[in-house]
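Enquirer: Residues -20 to -1, 1 to 319, numbered by mature numbering (1 follows the signal peptide of the UniProt record, and there is no 0), are exactly what the sequence shown covers, in order.
Since the hints were made in silico from the structure, they are not lab data.
Here a beta-carbon is modelled for each residue, glycine too, at the ideal position from N, C-alpha and C.
Check the hints yourself; a few may be wrong.
[Stated by the list, open to error] Distance windows between CB atoms, simulated:
(1) N205 / I36: 25 to 33 angstroms
(2) T222 / P174: 20 to 28 angstroms
(3) G233 / N125: 53 to 61 angstroms
(4) D261 / Q41: 53 to 61 angstroms
(5) P174 / A59: 40 to 48 angstroms
(6) S277 / G184: 41 to 49 angstroms
(7) N125 / K239: 50 to 58 angstroms
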Amino acid sequence: MKKVAYFVLCILTLAGCKQAKTESVADPKIVIAEVQQVSTSGALQYSGTIEPTQTIPLTFQAQGTVLKVLVNAGDPVKAGQLLAVVDKADAQSMYEMTLAKYQQAKDAYDRLKQVHDKGSLPEVKWVEMESNLQQAQSSVALSRNNLKKCNLYAPESGVIGKRNIEPGMNSLGNLNAPIELVKINTVYVKVAVPENEINLIKKGQKATFTVSALDNKEFEGTVTNVGVVADAISRTYEVKITVNNTKLELKPGMVCDVKLNVTANRTIVGVPLQAVDKDNDNRNYVYVVNVAGKTVSKRLVTVGIYQGDFVEILSGVNLGEKVVTGGLHKLSDNSKVTL
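Based on the provided sequences and hints, a complete structural model is requested.
Expert: Here it is, written out as structure tokens:
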């Protein structure tokens, strides 16, 4: 009898332990927020980078040793200004040699022309003399052109952006352009715009931006380029804002904070940023709370603009519904929760 009582007691004890373990697994506790109306300022904000309107790589057209480099990075230059010189010794010798051969051909041509005009020179011989003179003229023109190529000139006015060459180096031995000329009287501000905001931006819109390197001085520009193909990795679109830079204050590479006024003030349906997550298919979703049943349901949503700590929801939820803002990683569709 004592053995039976002991056996029953053990079973009851084990059952109690199992029940205690079951009761200890509590439903996930979550933080919730209400889908609400949010007032927008009508402005989009981005980080941007200053870029030149044009970058012109300048390369030598003659091979040789660089003798002089007459400019440094940051120097303003005018169209036609001499920038660098390659050793001309070989080119000069070639030019003088072709010039001498031309003079010989010209003298022979002039002597035989009188004979030809009298009809005493065979036509075949005359044609040969004309051909020799033309070849000599072509050789002189070519060698003269090669001599000119020993000088590197600025094709347009601008500023020297980079100098990658030094005296003593081979003119064609550098993988990079020996000199880069940039045009910065007008510059671009380049920004990357998310796909959900790109259709809010149009050519001709005004933009303002500040540059921290210039004590947060404010500048104004105009949208001139709106990209139509997204970057393969970031899925953002390139937008360029053109800015007048006659004082040359803005330098390529400077970082700036850009503000684009795209709409008048309006009211949107929004949720806190932390309420929206992405699934494995890169789709936006939220967890909507059933307060009465203490469960959540996963819903796909379409997002719009970002406004402060909120994101606009274009479809998927309704005003007044409750969404999860904390503890999302513990949830799945139809999970029971603790409020």
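Enquirer: Now tell me if each hint is right for this structure.
Expert: Consistency of the hints with the structure:
1. N205 / I36: 25 to 33 angstroms: violated (19 angstroms)
2. T222 / P174: 20 to 28 angstroms: Cβ of T222 to Cβ of P174: about 22 angstroms, so the range 20 to 28 angstroms holds.
3. G233 / N125: 53 to 61 angstroms: Since G233 and N125 have Cβ atoms about 37 angstroms apart, the given range 53 to 61 angstroms is violated.
4. D261 / Q41: 53 to 61 angstroms: 54 angstroms Cβ-Cβ, so the 53 to 61 angstroms window holds.
5. P174 / A59: 40 to 48 angstroms: Taking Cβ atoms as reference, P174 and A59 lie about 41 angstroms apart, which means the hint holds.
6. S277 / G184: 41 to 49 angstroms: 44 angstroms Cβ-Cβ, so the 41 to 49 angstroms window holds.
7. N125 / K239: 50 to 58 angstroms: holds (53 angstroms)
In this structure, the earlier hints numbered 1 and 3 are contradicted, and the remaining ones agree with it.
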